[in-house]
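S.K.: For the protein sequence lines, the chains are A and B, in the order given. Numbering follows our numbering, in which position 144 of the first sequence is assigned residue number 144; successive positions increment by one, without gaps. Numbering follows our numbering, in which position 94 of the second sequence is assigned residue number 94; successive positions increment by one, without gaps.
These are computed hints drawn from the structure, not numbers from a lab. Among the hints, erroneous ones may be present.
Stretch by stretch, here's where chain A covers chain B in the computed footprint (C-beta under 8 Å, at least three residues) [what the hints assert, rightly or not]:
#1 47-59
#2 64-76
#3 88-95
Beta carbons are placed, not taken as given, at the ideal position from N, Cα and C, and that holds for glycine.
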Amino acid sequence: MAYRSRIVGPLLVALFGTAWTTPGTAQTLVLEHGADLGGVWTNSNPPGAGPWTIYSFSEDPPPLTEWGQTRFEASKPQRGPRGVPVAETDDLVYRCFPPGTPRIYLHPFPMEIVQTPGRVLIVYEYDHLVRQIYTDGRDHRTDLAPSWMGDSTGHWEGGTLVVETVNFNDRTWLDRRGVPHSDQLRLTERIRINEDGLLQIDMRMEDPVALREPWIAQRFYRKTDWSIQELMCMDNVTYRPFEDAVLEFEAE
Amino acid sequence: MRRLVGVVAVTGVLALLTPLASAHHGAGIFDAETSVTYSGTVTDFQYVNPHVLVYIAVSNADGSTIHVAGELTSPNRLSRMSGEVAWHRDVLKPGDEVTMTGHPARNGAPAVDITRLVNADGVALIGG
Chain A
1 MAYRSRIVGP LLVALFGTAW TTPGTAQTLV LEHGADLGGV WTNSNPPGAG PWTIYSFSED
61 PPPLTEWGQT RFEASKPQRG PRGVPVAETD DLVYRCFPPG TPRIYLHPFP MEIVQTPGRV
121 LIVYEYDHLV RQIYTDGRDH RTDLAPSWMG DSTGHWEGGT LVVETVNFND RTWLDRRGVP
181 HSDQLRLTER IRINEDGLLQ IDMRMEDPVA LREPWIAQRF YRKTDWSIQE LMCMDNVTYR
241 PFEDAVLEFE AE
Chain B
1 MRRLVGVVAV TGVLALLTPL ASAHHGAGIF DAETSVTYSG TVTDFQYVNP HVLVYIAVSN
61 ADGSTIHVAG ELTSPNRLSR MSGEVAWHRD VLKPGDEVTM TGHPARNGAP AVDITRLVNA
121 DGVALIGG
């Protein structure tokens, strides 16, 4: 066994990362991962965070290209300073299309991170969306149709999971305020447990078509003992009658 | 009004976004600057996603009755509230007497975005 610990341990660490501990322990699934990010996490905005944190990644929109600005001004978001009633918004989320990545982080429901060999899964409670982040060294697929949530691959840099996501369609917005993106969007997320014990996601959104410069953002999450519950956006189809009835009300 | 009361509806993704009862409707069909309070009898309680709805019948001094629809956030979020009140599907039932406070609809419709809800035992289920 001494031989095993002296040789196999460091070898595994060298091959797969730094979280290797003792064979046969609960750490087995973490062998190839740089840290244990597993668990159910919920939004934890910093104290004093502005009201914009519920609809965007920064107080002001990022600098947009002419292409981006034109689309931004044409958008009719339901949230933010330019918010319109649901009946008038062109935000596809109100028709139950996926919010996309990274906007999914602006929907205040928990997410569960599950680490398995070769993959990290992020299971979002909101509409049961799942991202599969391949950590087995594969490249992005180039044969797939443009997607709502993107094609994600990841690798570990110490205890930080670095995720690159591409192959988006251009139908979602980057936030809930109507900031557009193109199918050239490239998202880099650096996900780690920070010094406060929070899950910290540092994001870099690059899109030469829509953004004049990369949009840098951060989100924070605290760990909970919750379980992911059912939350079907299609329940939304019964929502509109309620608001419509309110809006159409006429005093008798 | 009858139409509103007749719509036994669930509200939408709006509630998925904000803390509890505040500002579900971002563009403001409810007036967040003002508040109204109704006391009445629960006629319907829908513990469903994405919005929980509470319908009450309120008796006026002149003998007439109005029906008021109150809206809360999702049951997922309510079920995770910390504190002494545990939200669940039977936390209210038709016939219960409640006092409901909330932001009224801007256009005068008998609907509120609930900020405080007190049951017959004086327990604040929301806004305690």
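S.K.: Could you check the structure against the hints above and give me the numbers of any it violates, in ascending order?
M.R.: Number 3 - this is the single hint that the structure violates.
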